[in-house]
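Enquirer: Letter by letter, the chains look like this.
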Amino acid sequence: MKKVSKLSIAVTLAVGFAGVVSAADLTVWEDIQKSQGINNAVVDFEKQFNVSVDIKEMPYTGQIEKVRLDGPAGIGPDVMLIPHDQMGAAVVQGLITPLEFMQTDKGNYTDSSVQAFTTGGKIYGCPKVVESVVMFYNQDMLPKPLATMDEYYDYSKKVHDADKNKYGLLAKWDSVYYAYGALRAYGAYVFKRDAGGDFDVKDLGLSNQGAIDAVTYMKKFYTDGLFPVGIVGDNGGNAIDSLFTEKKAAAVITGPWNLEPYANAGINYGVSPLPKMPNGQDMSSFMGVKGYVVSTWAKDHALAEKFLQFINQPKYVVERYEATKEIPPVKAVMEDKVIKDDPIASAIAVQASRAEPMPSIPEMGEVWGPIDAALQLCMTGKQDVKEALTAATDHIKSQIEAFRADNQ
Amino acid sequence: MTATSAAVPKTNHALTAALLAIIPGFGQFYNKQWVKGIIFAFFLFCFFLSARDLISHGIWGLTTLGTELPRDNSIFLLAEGIVVVLMLLLVLTLWGISIHDAYACGKTRDEGKELYSLKRQYKNLFDRGFPYLMIAPGFVLLVFVVIFPIVFGFALAFTSYNLYNTPPAKLVTWVGFKTFTNLFTLQMWRSTFFDVLGWTVVWTVLASTFQCAVGVLLAILVNQKDLKFRSIVRTIFILPWAVPGFVTILVFAGMFNDSFGVINGSILPMLGVDDPPRWLIDPFWTKTALIMMQTWLGFPFVFAMTTGVLQAIPEDLYEAATMDGATSYVKLKTITLPLVLYSIAPIIITQYTFNFNNFNIIYLFNGGGPAVAGSQAGGTDILVSWIYKLTMSSSQYNIASAITILLSIFVVSVALWQFRRSNAFKNEDMM
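Taken in sequence, the protein lines are chains R and B.
Residue 1 is where the first sequence starts when you use this note's numbering, and the numbers rise one by one after that.
Residue 1001 is where the second sequence starts when you use this note's numbering, and the numbers rise one by one after that.
If we strip away everything but chain R, and leave its shape as in the complex, we get (with noise of 0.2 Å):
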């Protein structure tokens, strides 16, 4: 049998054609306007070992759906980049492969964002960014940000004025991603993991007791009225950011993409940790990780995983960060002084470190919609707290368990 068909050839060179393949040791794929963070690091690279590297910058989220084409044609990157919750569903199907390096040097990187590469006791990926929710305070409402969630309960109660449209503390608690921090510092967690790091897709936590306990008291500032019920439903992200931009709330829990929008808004605010819930945990958060990965298709993968060792040594890592202001799961430059000198890049790197990573499998794509109708319920008053959890997981195990079925 022939290995290569000539139709394949001729789709190659067809495609090879319109889109210039690339004469280049080394392709990669950077993150849309994010690549002057890596230049003087690849100009370095290209000199020390003599080859040559091109970079393309392409949104980062649509990467791994480019590369199931890209690849077997042989246009592909060699490094790209993606959020680590595409992670899981790009190693089912084979389209990254392990990174041998990350296992000497997993040790450079956070805990937390290591973990969100790791599946299967392998490491697929190097943590590049960390981003998390954070607290947004108008320091002109509220000087400091407060220490425990019942102090923001009670600030809040002070200030409501309804009649006035002014409003405390405002979060978007209908949507398990915003609501998680509260969740897991009662107990709650999506899925178990089991002592390899790996997820146990039939244990499901979002609802047990832990989770009760957080919707029951998130819930309360929806039925005292000091959140509006328009922050709830799909629009309501849109709804909190103009309230804290029109200066009709103090403080509001979103993450680090709102920095510039709430800048160019003229408010003076300030970034903080999330607050303790009352049984005195931190309140965690889910965390984001965007990291490198290499290709199944990668031209050369030594020189690949060379180069990511390469540009994340911390002098790098840090002209990196000054260029994008993206938080880098580095822990050297964590506790760089570019970083604990700024009060927002530090407030994100505690609140990361305190957060757990999305978990990366691609069953976590049946847990969103119906935990966050459950919350939706729950916040609203319609159904009960337990009951609306306890339905809403049923219902994701039975989604998960039908994809499995089909699958033996």
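Derived by calculation from the structure, the hints in this document are not laboratory data.
One thing to keep in mind: the hints can contain errors.
Some chain R residues near chain B, calculated using beta-carbon distances under 8 Å [unchecked claim]: (1) A89; (2) V92; (3) Q93; (4) T97; (5) F101; (6) G233; (7) T296; (8) G369; (9) P370; (10) L377; (11) G381; (12) S398; (13) Q399; (14) A402.
Quick list of the computed label-pair ranges, beta carbon to beta carbon [what the hints assert, rightly or not]: (15) B/V1233 x R/D161: 47 to 55 Å; (16) B/M1270 x R/K220: 27 to 35 Å; (17) B/I1347 x R/E260: 45 to 53 Å.
Computed from a predicted structure; not experimentally measured.
By construction, the Cβ of each residue, glycine as well, lies at the ideal position given by its N, Cα and C atoms.
Please arrange chain B on chain R, whose structure you already have, making use of the hints.
Expert: Positioned in the frame of chain R, the structure of chain B alone reads:
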């Protein structure tokens, strides 16, 4: 060889030529049609010689879907295999034509007639075969642009292609009808499938019937002779059609929002409804909202068509009816409605098939939600939006494809049955 056959008088030229034509071109050579023979021989030999590897590789790929990782990518092999099969079919057709041509010319010779000269054949081809010549390139293109994706999509239903069996990590294998049997035997899949199918049918029937009924009714009302400002009223009724559908849907989605939508916030309380329905959370009310929205979106089209038909009904029919003492109701029942429905029947049928696959409104309004316990799909998912979710968010390609096949069978058979029943497609004149 030809000499011996030709030596026997009154022999069977037709059969000999046809048999010889199995070797491309030789049948024509036997008939002494050298140019035609060379053309056939050239094309067919070139194809088989150059594409031999391609064909064997394609067929091998199609039957095995690959045997070795990471060399073989099952999905690419499947696509290549289908392309090869389609190409083969086209070439076999050409081969068949050459055999038939040899046979036909042989028969002419058997009957003792002279064969046409090359010039005459050329002229013949252009005179009689002109339409075929013209559509041939388009047809070949159609085979690869339309037939190929359909065959490829349908073929996936018989493979194990899903999230856990995806190249390059795994090979995909043929599993026969297993996906279909799973769909009907596994409790979770079966209940979801019939829930979704049931709602799809209810949705199609109710939404389409409402939009057609409202459209026809309004058109008849607006067409009354004594109505003032008819053109303005008509324009107003056409307006929902003038706004792009997705814009209307998104605006409605905002208006129906449970917590800050204008319907629950202002309109219903104003009408004295204290406990307004939860439009986006309760499946029943989401369905109600969807049907009302589709009625709004769909009626202007039927309205416009009906208006056109109404204006074509001759006035003397009504005059004669009035002379006979018919009331307005009788005139509506015996003249207007039959003529209108007869003329717009095909349009009404297309409204039904359109709504059966009306993805936009379901997806844009509430994403197929709200979630319902014990079902793989959302509360308002119709088959096509469920297929979308299975493909795009759950990567269950084989199940999605199996449902697509079932859906196509359903839509195609309903459409065919309706079309055949409807007199409008026969070229008869009713009046």
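Enquirer: Give a verdict on every hint.
Expert: Consistency of the hints with the structure:
{"no.": "1", "hint": "A89", "result": "holds, 7 Å"}
{"no.": "2", "hint": "V92", "result": "holds, 6 Å"}
{"no.": "3", "hint": "Q93", "result": "holds, 4 Å"}
{"no.": "4", "hint": "T97", "result": "violated, 10 Å"}
{"no.": "5", "hint": "F101", "result": "violated, 22 Å"}
{"no.": "6", "hint": "G233", "result": "holds, 6 Å"}
{"no.": "7", "hint": "T296", "result": "holds, 6 Å"}
{"no.": "8", "hint": "G369", "result": "holds, 5 Å"}
{"no.": "9", "hint": "P370", "result": "holds, 5 Å"}
{"no.": "10", "hint": "L377", "result": "holds, 7 Å"}
{"no.": "11", "hint": "G381", "result": "violated, 11 Å"}
{"no.": "12", "hint": "S398", "result": "holds, 6 Å"}
{"no.": "13", "hint": "Q399", "result": "holds, 6 Å"}
{"no.": "14", "hint": "A402", "result": "holds, 4 Å"}
{"no.": "15", "hint": "B/V1233 x R/D161: 47 to 55 Å", "result": "holds, 48 Å"}
{"no.": "16", "hint": "B/M1270 x R/K220: 27 to 35 Å", "result": "holds, 31 Å"}
{"no.": "17", "hint": "B/I1347 x R/E260: 45 to 53 Å", "result": "holds, 52 Å"}
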